[in-house]
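There are 2 protein chains.
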Amino acid sequence: MMSKEKKSDKIKYVYYFGGNHAEGSADMKNLLGGKGANLAEMVNMGLPVPAGFTITSDVCTYYFKNNNEYPAMLKREVEKALEKLEKDMGMKFGDNNNPLLVSVRSGSRASMPGMMDTILNLGLNDDTIKGLIAKSGNERFAYDSYRRFIAMYGDVVLDLKPKTKDDIDPFEEIIEAKKAKRGIKLDFELSVQDLKELVVEFKAAIKKNCGVDFPEDPKDQLWGAIAAVFASWQNPRAIVYRKLNRIPEEWGTAVNIQAMVFGNMGENSGTGVAFTRDAANGDNIFYGEFLMNAQGEDVVAGIRTPLKIEKLKESDEKSYNQLLDIRNILEKHYRDMLDVEFTIQDGKLYMLQCRIGKRTAMAAVKIAYDMVQEGMIKPKEALMRIEPDQLNQLLRPVFDLKEKKKALENGALLTKGLNAGPGAACGKVVFNGEDAIAWAARGEKVILVRIETSPEDIAGMNAAEGILTARGGMTSHAALVARQMGKVCVAGCGALNIDYKTRQFYVEGKKDVIVKEGDFISIDGSTGEVMVGAVPTKPSEVVEVLISKTLDPKDAPIYQMYAQIMQWADKYRKLGIRTNADQPNQASNAVAFGAEGIGLCRTEHMFFGEGKIGPMREMILADNVADREKALAKLLPLQRKDFEGIFEAMDGRPVTVRTIDPPLHEFLPHDLAGQTSVATELGLAQKDVKERVELLHEFNPMLGFRGCRLGMIYPEITAMQARAVFEAAVNVIKKGKVVKPEIMIPLVGNVKELKHQEQIVRSIAAKVMDETGVKFEYMVGTMIEVPRGAITAGEVAEVAEFFSFGTNDLTQTTLGLSRDDAGRFLPEYVKREVYKVDPFVSVDQTGVGFLMQHAVEAGRTTRPSLKIGICGEHGGDPESVEFCHKIGLNYVSCSPFRVPIARLAAARIALSEKIARKQAKKDKKEKKDKKKNKKK
Amino acid sequence: MMSKEKKSDKIKYVYYFGGNHAEGSADMKNLLGGKGANLAEMVNMGLPVPAGFTITSDVCTYYFKNNNEYPAMLKREVEKALEKLEKDMGMKFGDNNNPLLVSVRSGSRASMPGMMDTILNLGLNDDTIKGLIAKSGNERFAYDSYRRFIAMYGDVVLDLKPKTKDDIDPFEEIIEAKKAKRGIKLDFELSVQDLKELVVEFKAAIKKNCGVDFPEDPKDQLWGAIAAVFASWQNPRAIVYRKLNRIPEEWGTAVNIQAMVFGNMGENSGTGVAFTRDAANGDNIFYGEFLMNAQGEDVVAGIRTPLKIEKLKESDEKSYNQLLDIRNILEKHYRDMLDVEFTIQDGKLYMLQCRIGKRTAMAAVKIAYDMVQEGMIKPKEALMRIEPDQLNQLLRPVFDLKEKKKALENGALLTKGLNAGPGAACGKVVFNGEDAIAWAARGEKVILVRIETSPEDIAGMNAAEGILTARGGMTSHAALVARQMGKVCVAGCGALNIDYKTRQFYVEGKKDVIVKEGDFISIDGSTGEVMVGAVPTKPSEVVEVLISKTLDPKDAPIYQMYAQIMQWADKYRKLGIRTNADQPNQASNAVAFGAEGIGLCRTEHMFFGEGKIGPMREMILADNVADREKALAKLLPLQRKDFEGIFEAMDGRPVTVRTIDPPLHEFLPHDLAGQTSVATELGLAQKDVKERVELLHEFNPMLGFRGCRLGMIYPEITAMQARAVFEAAVNVIKKGKVVKPEIMIPLVGNVKELKHQEQIVRSIAAKVMDETGVKFEYMVGTMIEVPRGAITAGEVAEVAEFFSFGTNDLTQTTLGLSRDDAGRFLPEYVKREVYKVDPFVSVDQTGVGFLMQHAVEAGRTTRPSLKIGICGEHGGDPESVEFCHKIGLNYVSCSPFRVPIARLAAARIALSEKIARKQAKKDKKEKKDKKKNKKK
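Heads up: the sequence lines are chains V and B, in that order. So for the first sequence, this note's numbering puts the first residue at 1; every next one is plus one. So for the second sequence, this note's numbering puts the first residue at 1; every next one is plus one.
These aren't lab readings, by the way, just hints derived from the structure by calculation. Each hint can be trusted.
A pair counts as met if it fits within one copy or between any two copies, since identical chains are not told apart.
Keeping only pairs whose Cα atoms sit at most 20 Å apart, straight-line, the calculated PhoX-like set for lysine-lysine is: (1) Lys831 x Lys752; (2) Lys740 x Lys775; (3) Lys752 x Lys836; (4) Lys10 x Lys75.
Let the sequences and hints guide you as you build the complete structure.
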């Protein structure tokens, strides 16, 4: 007994699947990777899957931690699995007569399509090829498989591949030479003899370039392939992808070794990929593509343009019907949209992969919505299926239909491709990823135009507005990645004739239109249209309904789904959602998006408005209180008017107004010409203005004379601003509306600062009530944005009625890191995972979060009713919203277009907590029951 | 029983003293103020003290909190006390025949000499004057007292006083007019009739200027005076004084009402002040001054130059002997040097005040040392008697005797005054406090020259190197305040003829030498000499023995005492004391002052050294690793040599070396000329240098690309510095010395930064050991100087073997406050007590201290052996040293000249804690005993 328990405690490195039973299951993704776990699940569901086994991702972690060595027991476990595989398949690895061939594929916890390496047809050598010929009766197929295997092995394992973009693939080079010699154009025109010669020439190329012989022993091939797949976890494109998708390096990849089935064994073989629903728009149709007589990589790589799945009915009706059945079985089992890969070998269907399908935001919303209608999932599950950031895509602009029509009428249409990534994009043409990054960095909008994209291009795709490719289908690399990123994409646009060298393209049949690098084009990812020139875009359907009000909700199906999802979200979320807005129109937009108040109204933005910068500068240049007050008196009615507009727009919702924050020199021109003009305007000597600007110069303005420090030294500024707010409130109240102003004092590090400013505000409030006879409610609170404010929050809360975390500045001070100056090292820091995410994008929960949590606890100890929010840019970041929920904030405030995202994020974290609580309860009960049973 | 207890619980506002019993005692200073408490103590000791009563400082606090109203019970208590006073004195307040006259004086917990107001002779009016004449038989004395009282009352209570420096006192103006009319020059030449007329004219002036009648009712006079004394707690000079001496505003002042005794009743009356030992040098002699036929204020105000106390023997031997007895009684009772005030009325001696005497640092050391030798106090008590900052004065320069002799031979001596504040000072002459402040602010050393100083001058005195006055004795305002501040002072220099208007002075008899504003003079506060020109100063005796080694300890009595005190301090202190030093000579100075190691060796200072800035700039301007390494290779031997020098100087003591910290642009010239010269030097285009400088420009360099961020991006810099340190260590070890390098990585906010840099350092260490075959010990640690470093200290300590708090930067980041830019608001913040002390001078214990304490706890939880120090400038501030002790640091590190101060501060806090523990134990025991007794 004892020894058995010990045995089962031993770490297991290899999980077998096949013969109607698998050792793994779908919920073992962390260990087996997505591919391995789902293969196991399908085997256990009784679906047709070629047998195989999975080496766990623990081995990967071990491998990198131990200087590229494997755990001691791995070899024996692999050999045992291989024996079982031989038995189940009735074939033998390395056997000359009946050789077992395998594929070796990566498979990590999160899907990383095309980022890591794969090897097919492994097990072939000059002896086993004979068995394959005998078995398949197809010498051409056998040699074609063999030469493909050698090339793949050379590329992946022996690193014999093009080193730069301009290099030609060394194996392609040999093929091209062969075709030239034979006077043929296409690969399939090569004769069996040609293929045989290629095998020899490929091996020679390996020997010459790599200095080693191609390994003839299948076991050597296998271990070489396993190591190469592990190594591909650390290739540059995988690293970039992980960074973009926030996948931790520690996860590692599993390796799947599976018996080969061949889609390229002849015309009754084939291979394909499919989505159980439309991944682009979410429609409930079986959506896929296939190629007969092809290997799977041919479909995904986008080299041949595949056929629509419906066409399979014509080629192989039995397999097509079986696929439709499997689609239903899988959706019912997984209760989600799936992405599957299949191969038909000699008329028999095999499932090679299934996984939860990637989808556009549109599709995510529609599928989630539809599945609720179909009774497949509950609303709260639907919410958990939509990533908050995906909503971004719903709000992106589309083409203005009138403008587009006009453009089309003027002959702007160049060609049409596949509508691979919905949305409208317009930008300057660039022809490679590096340029896309560089041009975007200097503020240009660009469209990345490629013959086809490869994983090396993902950083460039991320920088572009849209992607246009000449080759590849709806499931090609370009299409998949673009949808995931929420990028507009038109793919497989075969008429494009792209010349990378001269950096231009034209469309077959329209040679007179040459589009050069830097020219504007417009692409419609929803229709596949490609147009020359810049076609104006317009708001999305959701925006048209909510903001511009140019669309009736009942004519906007996407909007209706959006609205339903938002309604569900509002039901579950606990956090309030406010917005950062300084102008009435921003405020009403935000309300349309669901904002429940303004969390940050920056008054200094107002000072740049028309007619305001003059008196503002006059105020700053004044050298005594009297002159300053004279200038402030000019600003008062202007500010009051601004506040009236905002209060009306917010219509009874609370409005947090922050008193002036930036250093005064920001309002003055720093160049001589500007100073001269200001001097003339205000009737001062240019010298005096220059002197004043120099006097106001600061070494570290971020830590200088700003925030409440201004109000401490110039209390008359605070007084003017408070008066403008309260007089505006009175005027709007007089119109019968409700107004809830909340005056927020910035940069408080010491309760005495707040006390000083609060007294000014309260005395002005009392005066205004007295003068106007109108009573109003208001609050006085503070930004928490320097560490000392957070540390002394207990004291600060004695005066503050509310806190709002200014996480931009709090991040800068806590990390001692100026956002404006971090460019020289912060990207490198994020790359090296010193910080997993840019701390200005997502709250640094360890550092800044510590202070936030402390402030919440200390503040509420002093004042249990303390209202606490966040108004830094992090307020619209889903991870940060979750953190704010966890530490008990009352609300988050973000820019208007992030409001829907924050609403969803808030709902999701509330639901996650609920689920976790339920699970904990269940676990507790189970533990209890177990104990009870044991006692019995 | 019940009601009696209730009664005793009632707050008591008035404490009576007189008739051999007082309700108060010396230990009730907080409530009664220093003066009131010590008057009570002297009464209880049986010393001759005029009876009176004290209104507690609680009343003052109540008064300011309650809109200048008194507690309800105060009036009755004062009246009761007044009745008792009348009974004890056998006189009646406001009585026409036998009028009781009183003085009304302030008296706070801490001595604030001359800062608040006093009124004498209160109770006089047109009726009671008759009784005074009758009793004294001296009509001239009575009217002189009356006119003085009216003037004082007008000044203090009715605010009839000169409003600017240039105004004449309105009462003085009337006197001057009177004297002019009479054709006389001196006050005492005025006839009785003149004095009578003055009384009438003074009252008329009050009526005219203040719009009120002079109050004839003594009770009205009394309450007016009480209010005025309370109000004087808030006068500007009291506020400045509190700020300078860190006296909290909340303490408030008590008011003492005491029966008048008259030192001006005739030639057998007099008044004086004395120290029981010499307050300037600490000699064990009775040291005082007196004036016959004068009131006390005449001595202190410095208007008449008084006589040495020994002369009293000639005027009144009985009183003199009685004083000598009282001196001994008081010193034995208080076990300290005391400062007393006395009055002789008609041959009878009265004590009016006694308090612990202020003393120079010299005197503090000598008295403490002597009292230990005399068996009066223990060494640990001696330590508690010396304020750490006082030691500063012992280290200040004195004149170079040779140079001074030469100057004197060349006729530099202008005149001699009283040696009121020891030390040597040399600077430019200014004639008022404002100028002293302004000139000092721009870096000038100034000597403040005044006819006499007044409390308004203290801020100016604080800014000056030294103070020279024409009038006033050793206990004049100038002398007292200067000594307390540790300023050099020559007082009562009667030959000076100062003209404020033309801003110049000359010395009587040397009219050819006109000293103008801005001219250099030198004053010797130990001899009283005043010299024209700048006489070079030289190190103090302590410095001469320890540093320059030009003096034998046995010829240096002050040094010997200093050494003894330091020895005692070292016995009690728990904190280690290190120094901040970058150069071998700084290091050995610090060792001479007792430093036990270097806590901060800033390597960047070294780069400015000869031959180093060139390669440094080359390194910065390099645009690739190879060029950078080439430049670094040039720096390596230079840095190594620097470290060798420091290691040799520290001779086995630990040396903490910080890797490069400041932003690189600090090493490049920002002006065109400088850039051109650098370009020429390095063979680069000027344009390129300019471009590079602009590229390196930062908005907030404090939060920019600096500290470990440099080493993260340019690891080769860290590698070079580590190599320089370790190779230097090896070279010095080879000479047979011990070397303990500690590499400190700056600006760490994330353990991954430290880990990265640590690996470089450790790999270089291993290489150097390998290359040289010499083993050495070393540590790797970090500065904690951004909040995130402190917050994540638990993680940081996984890598760091030591922490050192960089409290300069930690203060800047925690408060969000750039020291370079705080000038526009921080002084105002300190003035308004937003921060009680400048947080860059003394650690902000609430904010920064919170993070420090957290870091200590978290760091030690991870690594119990973690060594923790502080190397910010706060390391030499006594209050900060105490804080560091309390939170459990291992050491403080400060500049070499602050080392003795830190040693003493460390001893004092250790002793304070011991005393507090003892007291707590005692309290516990008493409580227990009480409980026991109760049970019985």
